[in-house]
Amino acid sequence: MGITGLLPFLEKASKRTNVSQFSNGTVAIDSYCWLHKGIFSCAEKLSMGQPTDAYVRYCMKFINMLLSHKIKPILVFDGRHLPAKAQTELKRRESRQMNHRKGIELMRIGQHAEARNLLRRSIDVTHEMALELIKQCQKLNVDCIVAPYEADAQLAYLNISGIADVVITEDSDLTLFGCKKVLFKMDLNGNGLLVDQQQLHLAMEIPSEHFSMDDFLYMCILSGCDYLPSLPGIGLNKARKFIKINTDCDIHRALTRLGSYLNMKSLVITKEYRDSFILAVITFKYQLIFCPLIRKQIRLNSPTSDITKEQLYYAGTEIDPDTALQLALGNCDPFTLKMLHNFDPDQIRNEVNKCNTWVQKTGLSRHISIWSKEYKLMQNQLQRSSQKKDLMDWCTVNSEAVLQTNRLKKCIFMRQQDNSECEQLNQKEILDIYKSTNTMDVENNPDINDLTPSEDEVSPVLIRRKNQFSKYSSTTKTSPSLLCTSKRRMKGRNLMHIRRTIIDEGTVTESKFFAKDISQRNNIPINDNKICSVMNSNEVLVEEKEMKTDKNNHTNNIDLRLLMENNELKKDSCCIDIDEKHNTLFILNECKNVETSKTFNCDSGKSQLEHLDISMDGNIKNNNTNELNNINTSLTSLEFNIDSDFLVQQGDINISNSRLWSDTKVLVQSSNKTKKNKNKNSSNSRMSTNSKINMTNSTRRSQQLYSVQRQQSLLSTYGFEKKKLQSVTQDKY
DNA sequence: GCTGGAGCGTCGT
DNA sequence: CGCTCCAGC
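Numbering (the UniProt record's numbering), first residue to last: 1 to 733.
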């Protein structure tokens, strides 16, 4: 079913594109779509019970295409049926059985063409078929995951949590689950239709600042969805009209006015319909999914306290943890829970997982598996750093900035390159983070904590993002509604009216998001052999001790104090680029916006350090103090001479380590520019990453400069203001 | 102009 | 599962 006519309805929010734009990224695939189409090539054999692997070969063609674009595929499969869909599934099964009987009968009579047609319609994708594909994928180190219930919710989780950059499917429902990006109708060449959540307001004909995912969800449910048939005469257009007119944030109550708003006096909205509507909303928002990183069943979004267990029952119920894992791995039948396979991700050979390149000859995917402990580790690190906003792996403590790169390096391993659009919080989410008083506070909310994993194992989506749908952690007891949308709150409210946060340069302020772990505040080994530190005293000192390569044991000492002598390395703002081939150190002084270069000596052997960009945000402290205590210092690029595939640009690392800063880049763009411009920007960024090896140093530096400027403007945009000297008063802007 | 049901195609050779 | 067509309101 899906949402009838949703794809054409979303035309304004979609664009033709090729999957290659997600090169070096990760895609999550609704495997059912491929299997279902693949079955057509061998429907007769299957209906006759003859063995065939044609459908597996069909799916592998797509997978190989993705691998050839250096894309990591994650195949997602359906699990058990939701209670809400039990009726639908029953009807489908009956229909298939009917077609099968008729087909056999026609075949017997001799009407082969007609019989074939019916038999094709009688084939359903079984878990055994899925398992054949899963086994084939596991041979190639391609990740698979079986959802506890619907693949849709699982796919959305992978997308929202940042594990996958985009979802490939044919089912328009994915947008309702909150996916950021969905690629529909992808063909074997990789061409498809990309629907971007950030553009949904265009289809809704609502200004982006008033758009909320809740409204979009309500509209789609009203027009009829898998969990609730539509009221007679209500389609997407009527539903949109109602949502646009409605100002009542309690949708349960608002629905009573549906008839009068749409001039459909005969329309009767029963309480049963309104209750079912809320259940449908809950099923979309809080469906049970499996987090591969913590290996537990969790919910797509954290349920608010006003949602009862009875209501959550419709969104799926947990099973015991061991079975849940086996189900997710595809080892057992979702319905009978009978064991059919014995895949154990912990037995995967480490060398396959650790390696991060593609070996074309073997066709073996060398991506890090989501089931790998190492992937889990990296995600946790990323998440911890994200949580504390230790985004750049730099910190400034007691006049000493310490560079810690081992984490950064791991992040590079994990996300070789990020698609800049993929990881971004949208503008409203950022705003919500700053203005929200309770929903974001996952850790302090006992109700939510009950439903979320322990602190060590909190899923990325739960920590990094707040529930994208819920606007409040509602404490009202009026209805099971997902009550208020932010629409009303946003009305007439301009960013500039938000009370600004004063940044006090005199104290080290550690935000929940940007602070660094205390344990990390010392010299920390970059690698096994390297220690690198930056100290802020009267002059910036960048010191590199004991640079050794692993293989040849060459020592490469670079004392950057040299740079200070000619004032080339400014305290407040600089960028260093080491070109080892030419023994040259490039320096960009951002205050002067000039570049200088300096030759240095190094051993003839290969050093591991190939490119080091250090950027210090001068504007934050631009009133001057010679002290550098509070410089917002950030490592923006560190490239290792390992493999060309690892060469990561500053922009890429910004994203993998600093979701907020990189995200805000697009916030500014998207809020000020047209869709066309935005697309242009993103394609530029993709282009640059594809040709990153050929990229000139000056391009890198100019990007970096832009990055710093962007951060400053964003500080202002999001309500931060530098504290005025000798003034403690907080003024409203 | 919008809704909604019926009927068709999905692969591959 | 989506798409197209078309009758009906």
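Note that these hints are calculated values from the structure, not bench results.
Just to be clear, a hint being listed does not mean it is correct.
Here are the computed lysine-lysine pairs in the BS3-like style, where the Cα-Cα straight-line distance is at most 30 Å [said to hold, decoys possible]:
1) Lys135 with Lys296
2) Lys12 with Lys271
3) Lys373 with Lys85
4) Lys244 with Lys271
5) Lys296 with Lys241
Here is what the structure says about each hint:
1. Annotation: proposed proximity of Lys135 to Lys296 holds, straight-line Cα distance about 22 Å (limit 30 Å).
2. Simply put, Lys12 and Lys271 have alpha-carbon atoms about 35 Å apart, too far for the 30 Å limit, and the pair is violated.
3. At most 30 Å may separate the alpha-carbon atoms for a hinted pair to count; Lys373 and Lys85 exceed this at roughly 35 Å.
4. Distance hint between Lys244 and Lys271 is fulfilled; the C-alpha atoms sit about 22 Å from each other, no more than 30 Å.
5. A hinted pair counts as satisfied when its Cα atoms are at most 30 Å apart, and Lys296 with Lys241 does not qualify at roughly 40 Å.
The structure shown violates the earlier hints numbered 2, 3, 5.
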